[in-house]
Amino acid sequence: MAERRKYKKRYCKYCESKVEFMDYKDAALLKNTLSERFKIMPRRLTGNCKRHQDMATIAIKRARAAAIIPYTISRKEVVINPFEIIGR
Amino acid sequence: MRYYENLVIVKPTLTQEEIVSSINVIEQIITDTGAEITAQNAMGMRKLAYPIEKNLRGYFQVIYYKAEPSSISEIERRFRINEELLRFVTIKYDSKKEVKAWENAVSKLNTPVKSEEPVAQETPVETPTEPAVQETPAAQE
Numbered sequence: 201m202a203e204r205r206k207y208k209k210r211y212c213k214y215c216e217s218k219v220e221f222m223d224y225k226d227a228a229l230l231k232n233t234l235s236e237r238f239k240i241m242p243r244r245l246t247g248n249c250k251r252h253q254d255m256a257t258i259a260i261k262r263a264r265a266a267a268i269i270p271y272t273i274s275r276k277e278v279v280i281n282p283f284e285i286i287g288r
Numbered sequence: 012m013r014y015y016e017n018l019v020i021v022k023p024t025l026t027q028e029e030i031v032s033s034i035n036v037i038e039q040i041i042t043d044t045g046a047e048i049t050a051q052n053a054m055g056m057r058k059l060a061y062p063i064e065k066n067l068r069g070y071f072q073v074i075y076y077k078a079e080p081s082s083i084s085e086i087e088r089r090f091r092i093n094e095e096l097l098r099f100v101t102i103k104y105d106s107k108k109e110v111k112a113w114e115n116a117v118s119k120l121n122t123p124v125k126s127e128e129p130v131a132q133e134t135p136v137e138t139p140t141e142p143a144v145q146e147t148p149a150a151q152e
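Chains as they are written, first to last, in my numbering: chain A, 201 to 288; chain B, 12 to 152.
Simulated from the structure, these hints should not be mistaken for laboratory data. Fair warning: this is a prediction, and the values are worked out from it, not measured in the lab. Treat the hints with caution; some may be incorrect.
[As the list claims (entries may be wrong)] Partial chain B-side listing against chain A, Cβ under 8 Å, derived:
hint, residue
1, A60
2, I63
3, V100
4, A112
[To be verified] Distance condition first, Cα-Cα at most 27 Å in a straight line; then the derived DSS-like pairs of lysine-lysine:
hint, chain 1, residue 1, chain 2, residue 2
5, A, K261, B, K65
6, B, K108, B, K77
7, A, K225, B, K107
8, B, K22, B, K58
9, A, K239, B, K58
10, A, K261, B, K103
11, A, K276, B, K65
12, B, K111, A, K213
13, B, K111, A, K261
14, B, K77, A, K261
15, A, K239, B, K103
16, B, K119, A, K218
17, A, K218, B, K107
18, B, K111, A, K231
19, B, K65, A, K218
20, A, K261, A, K239
21, B, K119, A, K213
22, B, K65, A, K239
23, B, K103, B, K58
24, A, K250, B, K107
25, B, K103, A, K213
26, B, K103, A, K250
27, A, K213, B, K22
28, A, K231, B, K107
29, A, K231, B, K103
30, A, K225, B, K65
31, B, K108, A, K213
32, A, K250, A, K231
33, B, K119, B, K108
34, A, K218, B, K108
35, A, K225, B, K22
36, B, K107, A, K261
The beta carbon of each residue, even a glycine, is placed where N, CA and C say it ideally should be.
Next up, chain A with everything else stripped away, as it sits in the complex (with noise of 0.2 Å):
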């Protein structure tokens, strides 16, 4: 229960803003569904829709590979750069 008061507004974000398509290479559209270690959300504290939660992991996985968002980081990283590494 502490989990959902965290995650307490729950909508679509993307469908808000009439995401169509979703670029692996735009990090900041990604944000929402990646925690702070960079792993995906589930669909039921991010509150994405099931169309956009599908883009958004493709997404997610592409840009892993393309090296722009980490797969892992380990405890110190967390700690040091919360979401920096997307900003470069």
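Assemble chain B onto chain A, guided by the hints.
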């Protein structure tokens, strides 16, 4: 002909001229198989999200092109031989929405200079408004 996109990461240890020449080699690999390059986007030197072959940075280049589906395996085979490439990602744009996105990206890249000029023109237009704002307090006085 189908729509494709290739992201290519070139080694950061090369000098600028070597990077340009290696990208020319990559272009040739693509055009040799009968594909036509429509747009290119140089993202430039970027920090990699994780080290690849002990490199922390890389030169990113995105190439949009139309190609026959059968030629992709040949392009990828040649990319693997090339030692200056750290990584490549090939993406197919298949459905109607994806093709639209591809066309949008290409048209954006082919007209970047024109879009920048109006912005530069707008800024001088904005500057006269500032004195106008300064004048209004004078009028109030």
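Hint by hint, here is what the structure shows:
1. Because the closest C-beta pair between B:A60 and chain A is about 4 Å apart, less than 8 Å, the hint holds.
2. The beta carbon of B:I63 is positioned within 8 Å of a beta carbon in chain A (closest approach about 6 Å), and the interface hint is therefore held.
3. Hint status for B:V100: holds, given a least beta-carbon distance of 5 Å to chain A, under 8 Å.
4. With 8 Å as the threshold, the beta carbon of B:A112 comes within range of chain A, its nearest partner Cβ sitting at about 4 Å, so the hint holds.
5. A distance of roughly 22 Å separates the Cα atoms of A:K261 and B:K65; the hinted pair therefore holds under the 27 Å criterion.
6. For a cut-off of 27 Å, the pair hint linking B:K108 to B:K77 stands: about 16 Å separates their Cα positions.
7. A C-alpha spacing of about 20 Å is found between A:K225 and B:K107, which places the hinted pair at or below 27 Å, so the restraint holds.
8. Taking the CA atoms of B:K22 and B:K58, the gap is about 12 Å. The hint holds against a cut of 27 Å.
9. This hinted pair checks out: A:K239 and B:K58 have alpha carbons roughly 20 Å apart, not beyond 27 Å.
10. As the CA atoms of A:K261 and B:K103 are separated by approximately 15 Å, the hinted pair is consistent with the 27 Å bound.
11. Under the criterion of a C-alpha separation no larger than 27 Å, the hint pairing A:K276 with B:K65 is consistent with the structure, at around 19 Å.
12. Annotation: proposed proximity of B:K111 to A:K213 holds, straight-line Cα distance about 22 Å (limit 27 Å).
13. At roughly 22 Å between alpha-carbon atoms, B:K111 and A:K261 fall within 27 Å of each other, so this suggested pair holds.
14. A threshold of 27 Å between alpha carbons decides the hint, and for B:K77 with A:K261 the separation of about 23 Å falls inside it, so the pair holds.
15. Under the criterion of a C-alpha separation no larger than 27 Å, the hint pairing A:K239 with B:K103 is consistent with the structure, at around 25 Å.
16. Taken as a hint, the B:K119 and A:K218 pair is honoured in the structure, with Cα atoms around 19 Å apart against an allowance of 27 Å.
17. Simply put, A:K218 and B:K107 have alpha-carbon atoms about 17 Å apart, close enough for the 27 Å limit, and the pair holds.
18. For the hint linking B:K111 to A:K231, the alpha-carbon distance of about 24 Å falls within 27 Å, and the restraint holds.
19. Distance hint between B:K65 and A:K218 is unfulfilled; the C-alpha atoms sit about 39 Å from each other, more than 27 Å.
20. Restraint check for A:K261 and A:K239: the C-alpha separation of about 10 Å stays at or below 27 Å, so the hint holds.
21. Between B:K119 and A:K213, the direct Cα distance comes to roughly 25 Å. Compliance with the 27 Å bound is thereby established for this hinted pair.
22. In summary, the hint linking B:K65 to A:K239 is supported, as the alpha carbons are separated by about 24 Å, within the 27 Å threshold.
23. Using a Cα cut-off of 27 Å, the hinted pair B:K103 and B:K58 holds, with the two alpha carbons roughly 25 Å apart.
24. At roughly 19 Å between alpha-carbon atoms, A:K250 and B:K107 fall within 27 Å of each other, so this suggested pair holds.
25. At roughly 26 Å between alpha-carbon atoms, B:K103 and A:K213 fall within 27 Å of each other, so this suggested pair holds.
26. A hinted pair counts as satisfied when its Cα atoms are at most 27 Å apart, and B:K103 with A:K250 qualifies at roughly 22 Å.
27. With a C-alpha separation of about 37 Å, the suggested pair A:K213 and B:K22 falls outside the 27 Å cut-off, and the hint is violated.
28. Between A:K231 and B:K107, the direct Cα distance comes to roughly 26 Å. Compliance with the 27 Å bound is thereby established for this hinted pair.
29. Only pairs whose Cα atoms come within 27 Å are accepted, and A:K231 paired with B:K103 is accepted, the gap being roughly 23 Å.
30. Among the hinted pairs, A:K225 with B:K65 is consistent with the structure: their alpha-carbon atoms are about 22 Å apart, no more than 27 Å.
31. Pair hint B:K108 plus A:K213 holds up; C-alpha atoms about 19 Å apart against a cutoff of 27 Å.
32. Pair hint A:K250 plus A:K231 holds up; C-alpha atoms about 17 Å apart against a cutoff of 27 Å.
33. For the hint linking B:K119 to B:K108, the alpha-carbon distance of about 16 Å falls within 27 Å, and the restraint holds.
34. Taking the CA atoms of A:K218 and B:K108, the gap is about 13 Å. The hint holds against a cut of 27 Å.
35. Among the hinted pairs, A:K225 with B:K22 is consistent with the structure: their alpha-carbon atoms are about 19 Å apart, no more than 27 Å.
36. Among the hinted pairs, B:K107 with A:K261 is consistent with the structure: their alpha-carbon atoms are about 22 Å apart, no more than 27 Å.
The structure shown violates the earlier hints numbered 19, 27.
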